[in-house]
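The task is simple: from the sequences and hints, build the whole structure.
Number of protein chains: 4
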Amino acid sequence: MSSSTFFRSMLTTIADRGRALLRRHGPMVEDLLEDAAKLMPSAKGPARRDLPSLCDTLLTGRGEASGVALAGQILERWAELDAAGQRAFLLDLAYRFGPDPIKLDKAIDAYRAAPGAGTALALHNAAEARRQELFRRLNLAPGGTEAVVRMREALFRVMAETQGVEKAGLEAVDADLNHLLASWFNRGFLVLRHIDWTTPANILEKIIQYEAVHTIRDWDDLRRRLAPTDRRCFAFFHPQLLDDPLIFVEVALAPDIPASIDALLAEGRAPIAAADATTAVFYSISNCQEGLRGVSFGNFLIKQVVEDLRGELPNLRTFVTLSPVPSFAGWLAKERAKEASAVLAPADKAILAALDHSGWHLDPGTAATVSPVLLQAAAHYFLKAKGRGNKPVDPVARFHLGNGARLERLNFLGDLSPKGLAQAHGLMVNYLYKLDDIETNHERYADRGEVVAAAAVRRHLRADAGVDEAKPPTKPKAGDKTAEKTADGTAKRAPRPRADPQPPA
Amino acid sequence: MSSSTFFRSMLTTIADRGRALLRRHGPMVEDLLEDAAKLMPSAKGPARRDLPSLCDTLLTGRGEASGVALAGQILERWAELDAAGQRAFLLDLAYRFGPDPIKLDKAIDAYRAAPGAGTALALHNAAEARRQELFRRLNLAPGGTEAVVRMREALFRVMAETQGVEKAGLEAVDADLNHLLASWFNRGFLVLRHIDWTTPANILEKIIQYEAVHTIRDWDDLRRRLAPTDRRCFAFFHPQLLDDPLIFVEVALAPDIPASIDALLAEGRAPIAAADATTAVFYSISNCQEGLRGVSFGNFLIKQVVEDLRGELPNLRTFVTLSPVPSFAGWLAKERAKEASAVLAPADKAILAALDHSGWHLDPGTAATVSPVLLQAAAHYFLKAKGRGNKPVDPVARFHLGNGARLERLNFLGDLSPKGLAQAHGLMVNYLYKLDDIETNHERYADRGEVVAAAAVRRHLRADAGVDEAKPPTKPKAGDKTAEKTADGTAKRAPRPRADPQPPA
Amino acid sequence: MSSSTFFRSMLTTIADRGRALLRRHGPMVEDLLEDAAKLMPSAKGPARRDLPSLCDTLLTGRGEASGVALAGQILERWAELDAAGQRAFLLDLAYRFGPDPIKLDKAIDAYRAAPGAGTALALHNAAEARRQELFRRLNLAPGGTEAVVRMREALFRVMAETQGVEKAGLEAVDADLNHLLASWFNRGFLVLRHIDWTTPANILEKIIQYEAVHTIRDWDDLRRRLAPTDRRCFAFFHPQLLDDPLIFVEVALAPDIPASIDALLAEGRAPIAAADATTAVFYSISNCQEGLRGVSFGNFLIKQVVEDLRGELPNLRTFVTLSPVPSFAGWLAKERAKEASAVLAPADKAILAALDHSGWHLDPGTAATVSPVLLQAAAHYFLKAKGRGNKPVDPVARFHLGNGARLERLNFLGDLSPKGLAQAHGLMVNYLYKLDDIETNHERYADRGEVVAAAAVRRHLRADAGVDEAKPPTKPKAGDKTAEKTADGTAKRAPRPRADPQPPA
Amino acid sequence: MSSSTFFRSMLTTIADRGRALLRRHGPMVEDLLEDAAKLMPSAKGPARRDLPSLCDTLLTGRGEASGVALAGQILERWAELDAAGQRAFLLDLAYRFGPDPIKLDKAIDAYRAAPGAGTALALHNAAEARRQELFRRLNLAPGGTEAVVRMREALFRVMAETQGVEKAGLEAVDADLNHLLASWFNRGFLVLRHIDWTTPANILEKIIQYEAVHTIRDWDDLRRRLAPTDRRCFAFFHPQLLDDPLIFVEVALAPDIPASIDALLAEGRAPIAAADATTAVFYSISNCQEGLRGVSFGNFLIKQVVEDLRGELPNLRTFVTLSPVPSFAGWLAKERAKEASAVLAPADKAILAALDHSGWHLDPGTAATVSPVLLQAAAHYFLKAKGRGNKPVDPVARFHLGNGARLERLNFLGDLSPKGLAQAHGLMVNYLYKLDDIETNHERYADRGEVVAAAAVRRHLRADAGVDEAKPPTKPKAGDKTAEKTADGTAKRAPRPRADPQPPA
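Protein chains in written order, with the working numbering: chain A, 1 to 505; chain B, 506 to 1010; chain C, 1011 to 1515; chain D, 1516 to 2020.
These aren't lab readings, by the way, just hints derived from the structure by calculation.
Note that beta-carbon positions come from the ideal geometry of N, C-alpha and C, so glycine has one too.
Some hints could be false.
Listed below are the simulated BS3-like cross-link pairs for lysine-lysine, each with C-alpha atoms no more than 25 Å apart in a straight line [as the list claims (entries may be wrong)]:
| id | chain 1 | residue 1 | chain 2 | residue 2 |
| --- | --- | --- | --- | --- |
| 1 | D | 1618 | C | 1116 |
| 2 | D | 1618 | C | 1113 |
| 3 | A | 106 | B | 611 |
To list a few chain A residues with every Cβ distance to chain B over 10 Å, as calculated [to be verified]:
| id | residue |
| --- | --- |
| 4 | 101 |
| 5 | 180 |
| 6 | 229 |
| 7 | 291 |
| 8 | 331 |
| 9 | 369 |
Right, dumping it as structure tokens:
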């Protein structure tokens, strides 16, 4: 027990120091800077050395005598730079802190002369850009990890405004940062934490700010997502990124698979007891750190949360998302604009013209007419339309299918928010995480590009479309009752008003 | 405040899980293994796949769907291996998980055809041994970081028994591990913690076990080093190496620079109030993790502790070690054996013959005769004798001088323990850490190979040896009172019984 | 260090259990109740025993075998009572759980027969109402302490609606509760905690709710009071009243003594560095627990906070409040209504007629005319008007003067909020906490009823009022620079627009 | 989650301050004392006021202005007293700080004139010794709670050396302290904590020191009781008694009910997995605070631990003690010395003469002869012999039977330590805590004085003794399988070597 509390308090040192400084600053910080200056005599004097020169010193210092102070000084200088200064320094990183070409040439020659473990290692070292070691040494300074993450955010801003050969140089810098941050933010170093209404306000503030799927309007809205007995939230943190989550997921505990985000988040709703829930619904996943783009956390987070929730609530049987369909409306607009769409018949297009009138969904008659056509198009969008690399067009689908989830259900008018109507005509979908099938699903998707989907989804495809002819529907394994019930139950159930109504046979 | 307590508790997740498993095991672990098996279907069935094949799968898996489970499985298999099995696997790492030679050749060609940031990066990637990525992926599993550290310990054992080309292969594996661990155990990720009598017993147990300089005999002995008001202990921890220190230093708060470890650790001594101390004495520094050999912590630890102590106790003016001299007796034996020693005159040798009689130091007359000769030889040992790379022979001296410390004083009969007498005829020394001089000292040592030493030390050299003639004694800066007082004070002080008595002029 | 972290985590047990229950309930709580029922067989069966009968059992149970379960059961029953049921039970406490009159008579006789330590003790025990022990035993149940506090809140509600003999009975119950809670909530058991922007949201929510002086409008408003570098908040907690503060104080760090709450809380203001502040301003103190009415925390809180802030920020020299004057407007209205007021001349009344027009303070001319008259009246209100027990009329003044503070300054138009204008025509005052004088001030106030005030306050009294003639103004001690500066500086300073403007000489 | 970590850290304030002071003392403490002196001017000057006079001031002070400082000062003075000074002060408490006799007389008159809730309350207040309020006010000072506990320890020492009327006075002081401490250390304020090998060393040190049943020889011995997977230890703490347990219990997890402490604590034994255990054995319960004598914790502790262990380890079915029999040898000696013992026939006495030879138990033949006679006597000792208040002679039996446990089994030669042989000829017993029966058992014991015992125990009584004839053996309820198995199983099982062997029928 208390060894873990010992361990807990281990990490406060840095935090407390940082905070004390921020709170009191004035004299104390000056003292520190003075100390740093003593350790770093070359920084004294009237002429300030330029940043690349300081970086050279940090890299070439034989001992670590002044490494911490020097790294801190560099980060301070970096923090003072304006946009132009940042750009200049990043280009310096690209051109002046790559590998040494002469050493590299020699290493190549040595390897070619005698290929082997030793020469290959030497070649690897010689080919490493010097900035890699520079970034590692910047991490000596307090706050170094975060500073490197923020530096990559700046790099993205500069890259967006850069073209041609300079861009290629910056891309090499980015590749090095990506490599380094993937190592530092390895899943083994991350810590999963519950976020709830007893979490410190400065962290909750970040949750409000970072929520990227369904906007959290204010603290009352946040409270409704954290405090009720049937709500959960989990986040990954890194020991060095104090008070700042990397990614978080919001979960609703429910009696069955929900079809509408509006119902899920309704203000007046009555929470259920957690122990009564059979279904955990992941309804929002948000990445928080732009500077960690490309370092993937989501897959680990979902699987860890599934494991934790199963431990806490043994009654949970179903783990499912309620997900947006961000590119559907754009894709559909293109199909509607095509003279001859393979998806939409002229009659379909006529029906879908209703979508151009705002408020169409409020008229039950219109909604009933639009529903079968829209769902048929959506089934096509998910199952047959392909984007880059022969992957589905939808980015959220790519994420969940890549994780081994199955596309479980299409939900007509599941999200009536302006954003939901604009990006997907209100469509939402569920992806099912079924532990026994995750590996197989993942392989089917990754190896064969197959979109694993429940029969209920495939059924929305036109009979004559012949999509499923090619391969027989996945036969549920014996005992796979969840799958049976979910998929078939959906199809057989009496039509639900706003979610996934079935066309007459 | 409580955000840092929030943060503290962040890291308990892993710890608590691990402990719960260890405590309850039985059914629960089986469930987990079953789950893992589901995620990793290839592991099912009667034929167990071999370890390298599992590693290949971990490396080539396109998604991360089963990475955590697979990494866990590999570590489990590794843990079951006997010595022969470990050796075989490590050789596999050396030969089957190096860089791909064909890809490497192509990358070389591409670079030579068009040298640039992009091709250099590609070359760097191609030259990276595949095991690097393997180690990073093993870190996905809970306990992965520690497992990799322990794997390197095994590697050292195997390397010690291996010769020739196989050894070279293992060395490449070691180089990769060293590179990786240096990045993971970057000072920016370490946490400094006070160790005291309120520290959990399982951690204190490790302190007893890891102490490498002055053996801690039992818990009472430990208590005497931690509980008194004038004692401190600090350790670096890593968030992933639970309950296991990386390095620690024991500190005594004292009214002046001590000359004898026996007095410092005497059982009956009366502690002083911390606020009355002017001197912090680092009397024992122990590295704890053999698997992190080559990743340096000591320099950062000492400097951090100096900073912390200065903050806590503003009266502290002097930061100094009381250090052993591990190679002195060996070196002296060689000099005594030489027909014509440049250090020892025949008369000196005759006097030093007393050292061959155990208990020589108990006779005051003998000690008084031996003292000047031994100290003169010691001054030579530190200031003039050179080992590999033109560095001092003494490893402790290399460490502290490399950190920017100054050799401050030689203490005759400072350590009367069997070990102290055996390795250094009782000699101990002080190294002084003076913040204002650290950088200059470091440069003098690193650039010019100069052993920075107080005048009091140099004075032990024979006048006719002419050592100091070459360069004038370092002139103390104005206001450098500590240095003045310490160096001169020592010389002028009335002879202290067991430490550093001065010969008559 | 870690022993205190050990200690910290000690208290989580109860908290975690309670929370786990609240989160999961359903089956688990039923199990617990079942267990409790097993321990308490008399509670089984169709006929529920009445509450007083359960209380009798709890009191007479010879062992503690079922005390915890029985206490829990009683609290559960109490929680189910409606208003009438609560009233009935509280009257039962008054009449059926007083002292046993027969035993009391015997004890009196025994004492009168042989007065002594033993018979007095027996008499004391016999005179103790049985409900005292009942309350102590209710505390065996988890949540018992809070339940008793809430029970007293209910008692206050019932008392407010009760008259005559029944009221006297309830007052005896209240006296017992007051006695018990004063012992349980003794300052020795309270814990002072910083409240800041990193405090858990469920506690901050309570701060918003309990703030009683200057309403906190929303979370942004709260953030402005907690997050800036020059703001602090401290609260007392009790280990058994989880997540619920007892009292808290909000503090502003400032360069001098502020005259206006509006300026202090202005949205756009620029915070100063804490280390630059010379003055800590207590601008809001709120008691949180109605059920602890009469148990005083404020005096301890202020003194503890002064001590803590002095430790953290050595530059702080002045500790002062910025306080409302809640009864001033009511008192002034009475004086204005008197035919012959000893305070207000007819000309004064004419000038003060302006107060009857809302918005009077917005016209600079009117404000300038009103100012001297209002301040003169205020000086009278504080220094000469007396309420019950010959104490000042103003309750806030009684609190701070009783603590040993000095009335330091009157601030004209310091609070322009509707509440501030309604209760005090915008007047605010500062009370000064000067460590060296606290004891003397307290004695002057407590023994002699003297209102200790700065010369600047007394000067507002009319010259002909002769108030100060009787006793010479307190002579500042040599070196008492703070007092000099504050009092005189205020008087000599150029007129500040809204605070304490001086009449022309 | 983090709200509880917030809460945890609440209590560090006092702890950290105290520790900081102890570590640094010197200047800081002097400052504090100076501050205290300022707050308490009467303490200045050459003539120190006497302790009772300071106590009077603390009691009569109208405000709390200087309460904290004054209480601290009194405790400091108390700490400086020698034995004679302590005695004098405690007698002062007895005689000068009782109730005011004049006020008490008036209150009696008032009550007799008009008996009622109000006058009874006033009488109760008047009869309260003034020292009660004094103790409550001493608790204002940091460390006050502990100081009062320690003061009662001193009181016990003084009482032991005091006779007559002075003793009566001191007993009144003790009664007041007992009353107060029972309220402060109410179970509702206690916190249960696991003690294990990760507990801070300063707390573990106390466990070694306080262990009162089976001595813990050293840290290795302690480790064997805390670290293995099948061992647990739990302690109650009070938030104000930092780092100091009140009571603790050591638990072994076992496959069945153990008969021998030597086997249970054997050095070489192989631990079992906790999840495999069916039986939790409470083998040592130690009260830690002499100053809390009479405030009972043991019953609450055992029941809380049963509840916790059932939650953690659902396989646990049996909760049982392995207990010493501290008065058995003394009682048996008296029976053996009686000319005509109702328990021992002359033949029995002859056999028991073997007990007078040390080492008798090492001879299997002797042991086999002694066993039935000793066990028969033991059964008599527990079931028929009565001490004060018609309760069992054995204090451990009174404790467990009073808690509702059942005497389950007699274990011949269960404790071969010198202490075990000396006090009970090696006899140990098990008491069974069976949740469903606790209440009934408690009532049978408390109301009817019945010693609830398993049939296996009663069977040791001589058939002709007729003990059980009077009342039929308790019939186990249907489904009471544990009882069946334990009691009967014991009897039918093959003779176990050292525990409870059965005589041939």
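Each hint tested on the structure:
no.: 1; hint: 1618/D to 1116/C; in the structure: 19 Å, holds
no.: 2; hint: 1618/D to 1113/C; in the structure: 21 Å, holds
no.: 3; hint: 106/A to 611/B; in the structure: 17 Å, holds
no.: 4; hint: 101; in the structure: 6 Å, violated
no.: 5; hint: 180; in the structure: 8 Å, violated
no.: 6; hint: 229; in the structure: 22 Å, holds
no.: 7; hint: 291; in the structure: 16 Å, holds
no.: 8; hint: 331; in the structure: 25 Å, holds
no.: 9; hint: 369; in the structure: 40 Å, holds
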